[in-house]
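Colleague: Sequence:
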Amino acid sequence: MLKPLATWLRVAAVTVAFAVVLVPPATGTAVGSADALQASLAADALVVAPDAPVSVRVSIRNPTADDISVPAWDTPARGVMGPLFRVTLDGAAVPYTGMLAKRVDDPSAADLVTVEAGSTRTWTVDLGTAWAFTRSGTYAVQFDAPGMSGPSQPILLTVAARGANTPPSTRIAGGPLTPRAITYANCTTGQETQASAAVPAADAYAAEMQAYFTTNRAGQRYTTWFGTVDRGRWSTVAANIARIRAVTSGTSLEFTCATIDDCGGTGVYAYVHRNQPYRVYLCNQFWTTTTTGTDSRAGTLIHEIAHFNAVAGTYDHVYGQAGAANLAATDPAQAIDNSDNYEYFAENTPATTDTGAAFTADTGGLAFGEVAVGDTATRTLTLTSTGGGPALISTVSSGDASFQVTASTCSSGAIPAASTCTITVRFAPQAAGARTTSLAIASDAPAAPDGIALSGTGVSTAVPPVPAPVAPPAATAAPQPAVTGAAPRVAARPLAARRKALISPARLVTAAGLQAPTGSRVRIGRVPRGVTATSSGVRASRAGTFRIPITVTAPGGRPVSGTATIIVR
41 MLKPLATWLR
51 VAAVTVAFAV
61 VLVPPATGTA
71 VGSADALQAS
81 LAADALVVAP
91 DAPVSVRVSI
101 RNPTADDISV
111 PAWDTPARGV
121 MGPLFRVTLD
131 GAAVPYTGML
141 AKRVDDPSAA
151 DLVTVEAGST
161 RTWTVDLGTA
171 WAFTRSGTYA
181 VQFDAPGMSG
191 PSQPILLTVA
201 ARGANTPPST
211 RIAGGPLTPR
221 AITYANCTTG
231 QETQASAAVP
241 AADAYAAEMQ
251 AYFTTNRAGQ
261 RYTTWFGTVD
271 RGRWSTVAAN
281 IARIRAVTSG
291 TSLEFTCATI
301 DDCGGTGVYA
311 YVHRNQPYRV
321 YLCNQFWTTT
331 TTGTDSRAGT
341 LIHEIAHFNA
351 VAGTYDHVYG
361 QAGAANLAAT
371 DPAQAIDNSD
381 NYEYFAENTP
391 ATTDTGAAFT
401 ADTGGLAFGE
411 VAVGDTATRT
421 LTLTSTGGGP
431 ALISTVSSGD
441 ASFQVTASTC
451 SSGAIPAAST
461 CTITVRFAPQ
471 AAGARTTSLA
481 IASDAPAAPD
491 GIALSGTGVS
501 TAVPPVPAPV
511 APPAATAAPQ
521 PAVTGAAPRV
531 AARPLAARRK
541 ALISPARLVT
551 AAGLQAPTGS
561 RVRIGRVPRG
571 VTATSSGVRA
581 SRAGTFRIPI
591 TVTAPGGRPV
601 SGTATIIVR
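Under the working numbering, the first residue of the sequence shown carries the number 41, and numbering increases by one thereafter.
Source of the hints: derived by calculation from the structure; they are not laboratory data.
Remember, predicted model here, so these are calculated numbers, not experimental data.
Heads up, some of the hints might be wrong.
Derived CB-CB ranges, DEER-like [as the list claims (entries may be wrong)]: (1) S452 / Q260: 24 to 30 Å; (2) T416 / R566: 55 to 61 Å; (3) T254 / T334: 22 to 28 Å.
C-beta: ideal position from N, C-alpha, C; glycine also.
Using the sequences provided together with the hints, build the complete structure.
Modeller: Shown next, in the form of structure tokens:
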């Protein structure tokens, strides 16, 4: 909501019979500190009852010899039109719940307020319409607007708690409805048609924005509107855009066609109250623009949706493309909190040639599961170059010796746009237990994933005791189902003697947790590599942990299956 100083107009009195309007350069610099207005704050009652307004008087003094004109919405002339006050309780900021509006960056004469040379203008406003005084206590209040020589001296108000303020409306918009609804209040048929066309156009903008971030792009378009790439800020913007898309694609919206007085002037496109999703007040300037393009209706909806606390909770630190681009270059942390920056990123006019490098990974991580100590498992990761230019991957490495990169086509040179490369990782646990690390990918892609999660668990090959054989039931008993829970394991002899180690069908049946009545037929299923099976049992030709499928069929009974686990050292 705060207006850049560059948009202030200074009207200088001259000796001839006309006034000359001097517009400062668009650099955010005031005409001069000596010409800045001075603000002071007072109140008739410093103790405020629950049913009384939280009234303060704002005085703005012009100590210079020239008249100074400023945007009306940067003063209390038309009420509280933005967060021009600092309100704190016990040192913590009290949330602002008043209007946040998209406005023109060059207000007309009708939207200016003039403080004459050497004079003071005073206005009284009720802070309770825009700040939630929901707790009793002593609040510190200051007036702090652009063009002042500094914030006013604070005053202390002891305020009794009152309910949260709620702007008037035909209904309270509380979030998504099923099915989606778009409702209107005080709008003509023509206005409803124009607003309806803006919604799918805004969703097309939001979908394209989201695609930009899901492909990890962070080229010139990003830096133009959000500044240098910092992974924390980039992630914040990506999350905010995902929430904007959730609203444009299917959340119920309420549009109120507001009057010029309600909007606070003619140079206003729209406004919202950030704690009242998803109600948008459409103002005079909204109807004078186009559906898409710079400062469009669709872009205005993106701008206003970003204001909601449930979406991005942004403010209006500056207005206009020049101001937003300058903010991105000088203060990226504030740029990602400015609604116009999201709108201009969405509208992308004129279109930015984005040649930055980017790539995506086909998975959030490589999970190897359980692997026996001494054994190995491999997984392959595919990277896709998604930027406007080639991506250069310099190194690929793991932070744990248990995970080794055994092959890579990614670090052999630049990956052209829309091309892919692969990285093969082997997990070879040296000890039992879970292992986690990340695969580090060093590249020239500023927002691409630089760490892929790797996880796996080494399984011990220690020999457990062989369970005692279970006495078979009577010959007429039906086969028993497999036991619930983990089946016992049976260990073969050490590796030196494994060629003579034969695990008989009876031991396999026991290890599988099954029972074999007299006369049963035992069938050994398909065995893994390194194991041979005969009618006499199984042998292993290498060390490892093997799972052997067993089926027992009793005479005249149905077959019952299980799995025997054998460990060969």
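Colleague: Please test the hint of 24 to 30 Å on the beta carbon pair from S452 and Q260.
Modeller: Because 27 Å falls inside the window, the suggested range holds.
Colleague: Confirm or reject the claim that T254 and T334 have a C-beta distance inside 22 to 28 Å.
Modeller: holds (25 Å)
Colleague: Should the hint that T416 and R566 are 55 to 61 Å apart at their CB atoms be regarded as holding?
Modeller: Because 22 Å falls outside the window, the suggested range is violated.
Comparing the model with each numbered hint stated earlier shows that hint 2 is the single one that does not hold.
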